[in-house]
Amino acid sequence: MSMNNQGRPTGIGTAGTGASGSALLPDEPLLFEIGDTEHSGVDLPEVKLATDRLGGFGRNTKLDLAGLTEPEAMRHYVRLSRLNHSIDSGMYPLGSCTMKHNPRLNEKMARLPGFADIHPLQPASTVQGALELMNQLSHWLMTLTNTAAVALSPKAGAHGELLGMMAIKAAQEAKNEAHRRIVLVPESAHGTNPATAAFLGYSVKPIPARDDGTVDVQAVKDALSPDVAAIMLTNPNTCGLFEPQVIEIAQAVHDAGAFFYCDGANFNAIMGVVRPGDLGIDAMHINLHKTFSTPHGGGGPGAGPVVLSEALAPFAPVPFVRKGEKGLELVEHIEGEALGRITAFHGQMGMYVRALTYMLSHGADGLAQAAEDAVLNANYVKARLEHVFSVPFPDYPTMHEALFDDSFLKGTDVSTLDFAKALIDEGFHPMTMYFPLVVHGAMLIEPTESESKQTLDRFCDVMAELATDAKSGNAERFIAAPMKAPRRRLDETRAARQPILKWERPEDLPQAAE
Amino acid sequence: MTTKFTPDHEYIRVEATTGTVGITNYAQEQLGDIVFVELPEVGKVLKKGDEAAVVESVKAASEIYAPVSGTITAVNDALNGEPGLVNADPEAGGWMFKIEISDVGELDKLLDADGYAELTL
Amino acid sequence: MRYLPHSAHERAEMLGIIGAADIEALFSAVPKTALKSFKLDLPDHSPEFVVEAHMRALANKNQAGGDGPFFVGAGAYRHHVPATVDHLIQRSEWLTAYTPYQPEISQGTLQMLFEFQTQVAKITGMDVANASLYDGSTGTAEAVLMARRLTRRSKIVLSGGLHPHYRDVVKSYLKDDADLVCLSPSPEGQGDILEHIDDTTAAIVVQTPDFYGHLRDLKSATEAAHAQGALLIVVVTEVVSLGLLEAPGALGADIVVAEGQSIGNALNFGGPYLGLMATRKEFIRQMPGRICGETVDADGNRGFVLTLSTREQHIRREKATSNICTNSGLCALAFSIHMGLLGEAGFVRLARLNHATAIRLADALEGVPGVTVLNETFFNEMTIRVPQPAAGLVERLAQRGILAGVPASRLLPEDPEVDNLLILAATELTTDADIAALCAALTEELA
Numbered sequence: 001m002s003m004n005n006q007g008r009p010t011g012i013g014t015a016g017t018g019a020s021g022s023a024l025l026p027d028e029p030l031l032f033e034i035g036d037t038e039h040s041g042v043d044l045p046e047v048k049l050a051t052d053r054l055g056g057f058g059r060n061t062k063l064d065l066a067g068l069t070e071p072e073a074m075r076h077y078v079r080l081s082r083l084n085h086s087i088d089s090g091m092y093p094l095g096s097c098t099m100k101h102n103p104r105l106n107e108k109m110a111r112l113p114g115f116a117d118i119h120p121l122q123p124a125s126t127v128q129g130a131l132e133l134m135n136q137l138s139h140w141l142m143t144l145t146n147t148a149a150v151a152l153s154p155k156a157g158a159h160g161e162l163l164g165m166m167a168i169k170a171a172q173e174a175k176n177e178a179h180r181r182i183v184l185v186p187e188s189a190h191g192t193n194p195a196t197a198a199f200l201g202y203s204v205k206p207i208p209a210r211d212d213g214t215v216d217v218q219a220v221k222d223a224l225s226p227d228v229a230a231i232m233l234t235n236p237n238t239c240g241l242f243e244p245q246v247i248e249i250a251q252a253v254h255d256a257g258a259f260f261y262c263d264g265a266n267f268n269a270i271m272g273v274v275r276p277g278d279l280g281i282d283a284m285h286i287n288l289h290k291t292f293s294t295p296h297g298g299g300g301p302g303a304g305p306v307v308l309s310e311a312l313a314p315f316a317p318v319p320f321v322r323k324g325e326k327g328l329e330l331v332e333h334i335e336g337e338a339l340g341r342i343t344a345f346h347g348q349m350g351m352y353v354r355a356l357t358y359m360l361s362h363g364a365d366g367l368a369q370a371a372e373d374a375v376l377n378a379n380y381v382k383a384r385l386e387h388v389f390s391v392p393f394p395d396y397p398t399m400h401e402a403l404f405d406d407s408f409l410k411g412t413d414v415s416t417l418d419f420a421k422a423l424i425d426e427g428f429h430p431m432t433m434y435f436p437l438v439v440h441g442a443m444l445i446e447p448t449e450s451e452s453k454q455t456l457d458r459f460c461d462v463m464a465e466l467a468t469d470a471k472s473g474n475a476e477r478f479i480a481a482p483m484k485a486p487r488r489r490l491d492e493t494r495a496a497r498q499p500i501l502k503w504e505r506p507e508d509l510p511q512a513a514e
Numbered sequence: 001m002t003t004k005f006t007p008d009h010e011y012i013r014v015e016a017t018t019g020t021v022g023i024t025n026y027a028q029e030q031l032g033d034i035v036f037v038e039l040p041e042v043g044k045v046l047k048k049g050d051e052a053a054v055v056e057s058v059k060a061a062s063e064i065y066a067p068v069s070g071t072i073t074a075v076n077d078a079l080n081g082e083p084g085l086v087n088a089d090p091e092a093g094g095w096m097f098k099i100e101i102s103d104v105g106e107l108d109k110l111l112d113a114d115g116y117a118e119l120t121l
Numbered sequence: 001m002r003y004l005p006h007s008a009h010e011r012a013e014m015l016g017i018i019g020a021a022d023i024e025a026l027f028s029a030v031p032k033t034a035l036k037s038f039k040l041d042l043p044d045h046s047p048e049f050v051v052e053a054h055m056r057a058l059a060n061k062n063q064a065g066g067d068g069p070f071f072v073g074a075g076a077y078r079h080h081v082p083a084t085v086d087h088l089i090q091r092s093e094w095l096t097a098y099t100p101y102q103p104e105i106s107q108g109t110l111q112m113l114f115e116f117q118t119q120v121a122k123i124t125g126m127d128v129a130n131a132s133l134y135d136g137s138t139g140t141a142e143a144v145l146m147a148r149r150l151t152r153r154s155k156i157v158l159s160g161g162l163h164p165h166y167r168d169v170v171k172s173y174l175k176d177d178a179d180l181v182c183l184s185p186s187p188e189g190q191g192d193i194l195e196h197i198d199d200t201t202a203a204i205v206v207q208t209p210d211f212y213g214h215l216r217d218l219k220s221a222t223e224a225a226h227a228q229g230a231l232l233i234v235v236v237t238e239v240v241s242l243g244l245l246e247a248p249g250a251l252g253a254d255i256v257v258a259e260g261q262s263i264g265n266a267l268n269f270g271g272p273y274l275g276l277m278a279t280r281k282e283f284i285r286q287m288p289g290r291i292c293g294e295t296v297d298a299d300g301n302r303g304f305v306l307t308l309s310t311r312e313q314h315i316r317r318e319k320a321t322s323n324i325c326t327n328s329g330l331c332a333l334a335f336s337i338h339m340g341l342l343g344e345a346g347f348v349r350l351a352r353l354n355h356a357t358a359i360r361l362a363d364a365l366e367g368v369p370g371v372t373v374l375n376e377t378f379f380n381e382m383t384i385r386v387p388q389p390a391a392g393l394v395e396r397l398a399q400r401g402i403l404a405g406v407p408a409s410r411l412l413p414e415d416p417e418v419d420n421l422l423i424l425a426a427t428e429l430t431t432d433a434d435i436a437a438l439c440a441a442l443t444e445e446l447a
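Residue numbers (full-length UniProt numbering), protein chains in the order written: chain C, 1 to 514; chain X, 1 to 121; chain W, 1 to 447.
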């Protein structure tokens with residue numbers, strides 16, 4: 001079986017880079033260019049079928065789905081996988097994403113049939129172990145944060161934010177305070193914060209950052225009014241700094257009758273060391289895929305449980321686990337103030353298993369040590385590179401991320417983007433760029449606790465060498481980068497102007513005969 | 001025919017009581033390659049400063065505000081197929097919409113060519 | 001601690017280079033009252049075998065699907081996942097990569113997403129699909145919001161056959177919304193949704209096969225909706241059905257949302273799952289979620305990137321189409337590999353096998369005294385009426401080792417009319433022996 005790719009707007013690599021199509025960095029045709037509609041890698045019996053129970057709704061159109069036999073599929077997906085950078089193959093210092101090591105015990109446990117092969121609507125009596133696991137995970141999360149309740153079901157951090165803000169809205173409606181229509185969001189916040197607030201009909205009032213990268217309690221006080229529902233504050237913040245006035249901010253917000261939503265995206269920097277409940281938060285989502293290392297999987301799935309203060313606990317969504325007469329039970333319906341349901345079933349069980357496995361492996365001492373090592377590593381990178389790059393907020397030690405701006409590139413023809421792309425040729429995944437928005441040409445480096453001193457030293461050496469080269473006027477190396485990756489820079493304008501979002505069968509390539 | 005400018009880098013070319021609105025050459029340079037333009041509906045009534053259109057580059061989306069109050073009378077449908085016109089020819093082929101101006105007095109508060117040029121120095 | 005590379009000596013050396021006296025110095029911004037001011041009531045670190053024993057003990061308290069006859073469905077289905085799928089998704093390069101924001105070193109993930117989008121578009125019969133959402137229920141809520149943006153109308157009508165949890169999620173997303181009409185449950189497959197469409201309607205939401213297993217007439221729904229300028233949102237919770245049933249796109253659907261769990265993904269007690277969303281080409285700029293597109297690199301070679309990202313929260317912030325910031329990447333990979341292994345031939349055979357097994361189940365249930373099968377039409381799931389509350393019956397059957405299905409009352413406790421209804425699914429994994437065991441046990445319990 002062979003298929004050409006004539007009629008395609010573009011073809012797989014033939015020209016240019018030495019990397020393209022070489023033996024160890026394969027170019028790989030599309031699934032639809034390899035397989036056809038007759039091949040299959042799954043053996044299933046052909047059955048005789050009466051169609052009278054289909055009520056005339058049976059399929060008349062062809063699916064045109066290509067199939068691969070098992071060896072073909074194995075090769076296709078293995079070859080494709082080799083075009084990806086991953087944590088396991090090299091340092092991945094993406095600020096705010098927390099690319100730490102993913103222990104494989106977690107994967108093994110998530111695949112136990114007692115967790116993977118149970119249905120969300122089985123009788124509770126047949127899933128007591130699963131409910132106990134949810135209880136234990138809840139206990140760990142509440143203990144680590146010193147909070148009164150936790151809602152496990154959010155599917156991701158942004159989903160958790162949505163739930164937390166829904167709980168705040170419900171609580172205020174219950175107090176006849178629906179007039180509170182404003183949410184305060186610092187300028188440095190992640191984009192999901194204003195998107196979430198707007199989604200719920202709030203108007204967003206930005207709070208400017210201080211020159212030192214933190215939020216000024218006075219600026220919060222000035223913005224507070226009887227119409228403010230909540231503040232959404234990330235702590236540690238997106239600049240990698242712990243908000244030094246967080247307790248005063250919480251106090252001011254509460255004095256004004258508003259709630260404190262804490263974006264817990266960076267909880268990994270303080271787990272086991274600081275309990276957010278002690279800082280006065282009312283709700284905080286925890287990204288299990290960051291802090292507790294469930295794998296990122298090329299962009300999800302994650303999980304975003306939300307811890308809640310006493311004041312918000314009655315507004316948690318269903319379902320939740322509680323102790324009943326016959327053991328643990330799952331509460332799926334309640335009357336009253338709760339905000340209902342935000343996903344079909346009980347949330348990301350597969351992630352609960354991985355996260356609890358991670359917590360038990362580390363223990364209280366190991367989690368604190370991991371947070372401290374993450375902070376140590378970021379400060380080490382900062383210390384090794386602060387003479388090479390400029391640090392926009394030098395007043396405080398950084399937490400788990402080192403943030404630099406692009407002033408070192410002034411007068412060169414190299415942009416932050418070019419600089420980052422050159423890192424690819426040196427075997428590193430680039431840092432987060434142009435975020436947070438409050439820093440010009442930001443470079444946000446999060447080494448995580450998983451990197452050894454040896455790796456950090458090599459990374460810092462490469463960063464310093466690249467900076468020297470950029471400043472010396474050798475712009476070409478940066479503008480052309482990457483040269484050694486499976487692809488050179490991609491034309492994003494073309495992709496957006498003439499979107500090609502799926503494979504179309506070329507006209508000269510008919511479907512298999514009937 | 002006069003052309004006026006807003007500090008937000010929109011121009012309005014006025015003939016009688018109709019204005020043709022787009023973004024300036026300076027603005028398109030700042031935005032980079034435009035990949036999509038969301039145009040208003042014909043007949044829509046806007047107050048000065050209302051959001052009238054959105055231009056998107058690969059990495060940014062920017063609102064275009066009505067430079068004056070009025071009613072949308074035409075939009076440049078060519079931009080649907082070829083948003084790059086905003087880059088190639090912003091002040092002619094890359095126009096976005098025409099507006100029937102309800103209060104020509106509002107034009108006086110806009111910048112003239114010299115005033116705008118000073119702003120973008 | 002096995003996951004932390006530094007020795008005590010290295011930590012001290014690094015602190016020296018930083019110029020910090022101790023680790024606490026790096027936490028100097030933390031208020032003194034909050035820094036390590038507590039003793040956590042949690043155990044310390046444990047060896048791998050100790051953790052494994054703990055987790056196994058929990059897992060062993062659950063009755064797994066493979067432990068006995070299994071007929072539970074209602075939005076999540078137990079299918080066979082080829083060993084190849086789970087092997088491949090555990091490869092480091094898939095498992096431990098992040099969102100493909102650096103396309104030059106993420107072509108594996110990006111090309112897979114492009115293939116995934118193509119597969120989803122093909123099975124739904126739609127022009128375009130996104131790179132996935134959290135799950136079918138949240139996808140339905142997103143589709144409803146998308147329809148409102150597209151039509152600039154606000155009335156939404158949810159069919160009585162929509163999965164009750166999906167209905168509840170839509171209600172949460174549209175809290176206190178007078179323009180949301182939720183029709184009463186329709187266990188007999190009756191539909192009155194067409195009467196509720198008027199010229200203020202943004203969309204109607206129809207599930208097929210519906211919550212009770214009935215197949216719904218999408219063509220009439222399309223015609224009625226479009227006649228009033230409303231959109232048709234089709235929800236599919238059992239994606240395998242698309243191998244045998246006409247594609248919603250071919251029948252005029254405007255947005256299709258599906259739960260993709262059945263292909264490539266285990267039951268996992270409800271998550272992670274995989275939200276599929278597909279729509280018409282002209283609606284694409286209002287579709288939420290990540291989208292991958294084809295382009296070329298600087299050398300003219302084909303490559304893939306995330307595109308149309310100006311719809312998303314990291315750029316539009318409060319003006320984004322949704323606050324969603326992820327997809328269900330690894331579940332999409334599992335789906336795509338499994339669908340790639342099936343191909344058209346395998347996918348159709350799988351669907352036929354499911355339907356054939358369900359017919360055998362329906363026929364056998366008809367023979368149990370006291371049981372009435374409500375469905376005239378179904379794919380692989382059906383509703384029966386029994387002469388006693390279904391919840392207690394299911395509990396007693398579970399004690400006999402049989403997971404007999406989902407009592408409708410579990411999802412609709414406010415509606416006493418469904419108390420005696422039980423929803424059962426059959427898949428390719430259901431054997432004739434399973435069906436016989438179920439019917440024998442039912443006969444005894446109902447006697």
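In case anyone wonders, no lab produced these hints; they're calculated from the structure. Computed from a predicted structure; not experimentally measured. A few of these clues could be false.
[Claimed, not checked] Taking lysine-lysine pairs in the DSS-like style, the calculated list, with each CA pair at most 25 Å apart, reads: (1) C:LYS62 - W:LYS61; (2) C:LYS323 - X:LYS109; (3) X:LYS59 - X:LYS109; (4) C:LYS205 - X:LYS109; (5) W:LYS61 - C:LYS205; (6) C:LYS221 - C:LYS205; (7) X:LYS47 - X:LYS109; (8) C:LYS221 - W:LYS175; (9) X:LYS44 - C:LYS205; (10) C:LYS453 - C:LYS410; (11) C:LYS175 - W:LYS61; (12) C:LYS48 - C:LYS62; (13) W:LYS219 - W:LYS281; (14) W:LYS171 - C:LYS62; (15) C:LYS410 - C:LYS326; (16) X:LYS109 - X:LYS48; (17) W:LYS61 - C:LYS323; (18) C:LYS221 - C:LYS175; (19) C:LYS175 - W:LYS32; (20) C:LYS410 - X:LYS59; (21) C:LYS108 - W:LYS61; (22) W:LYS61 - C:LYS326; (23) C:LYS471 - C:LYS484; (24) W:LYS175 - X:LYS59.
Okay, the hints, checked on the actual structure:
no.	hint	verdict
1	C:LYS62 - W:LYS61	violated (45 Å)
2	C:LYS323 - X:LYS109	violated (69 Å)
3	X:LYS59 - X:LYS109	violated (32 Å)
4	C:LYS205 - X:LYS109	violated (28 Å)
5	W:LYS61 - C:LYS205	violated (50 Å)
6	C:LYS221 - C:LYS205	holds (13 Å)
7	X:LYS47 - X:LYS109	holds (15 Å)
8	C:LYS221 - W:LYS175	violated (30 Å)
9	X:LYS44 - C:LYS205	violated (28 Å)
10	C:LYS453 - C:LYS410	violated (30 Å)
11	C:LYS175 - W:LYS61	violated (42 Å)
12	C:LYS48 - C:LYS62	holds (19 Å)
13	W:LYS219 - W:LYS281	holds (20 Å)
14	W:LYS171 - C:LYS62	violated (36 Å)
15	C:LYS410 - C:LYS326	violated (69 Å)
16	X:LYS109 - X:LYS48	holds (11 Å)
17	W:LYS61 - C:LYS323	holds (16 Å)
18	C:LYS221 - C:LYS175	holds (22 Å)
19	C:LYS175 - W:LYS32	violated (34 Å)
20	C:LYS410 - X:LYS59	holds (22 Å)
21	C:LYS108 - W:LYS61	holds (17 Å)
22	W:LYS61 - C:LYS326	holds (14 Å)
23	C:LYS471 - C:LYS484	holds (22 Å)
24	W:LYS175 - X:LYS59	violated (32 Å)
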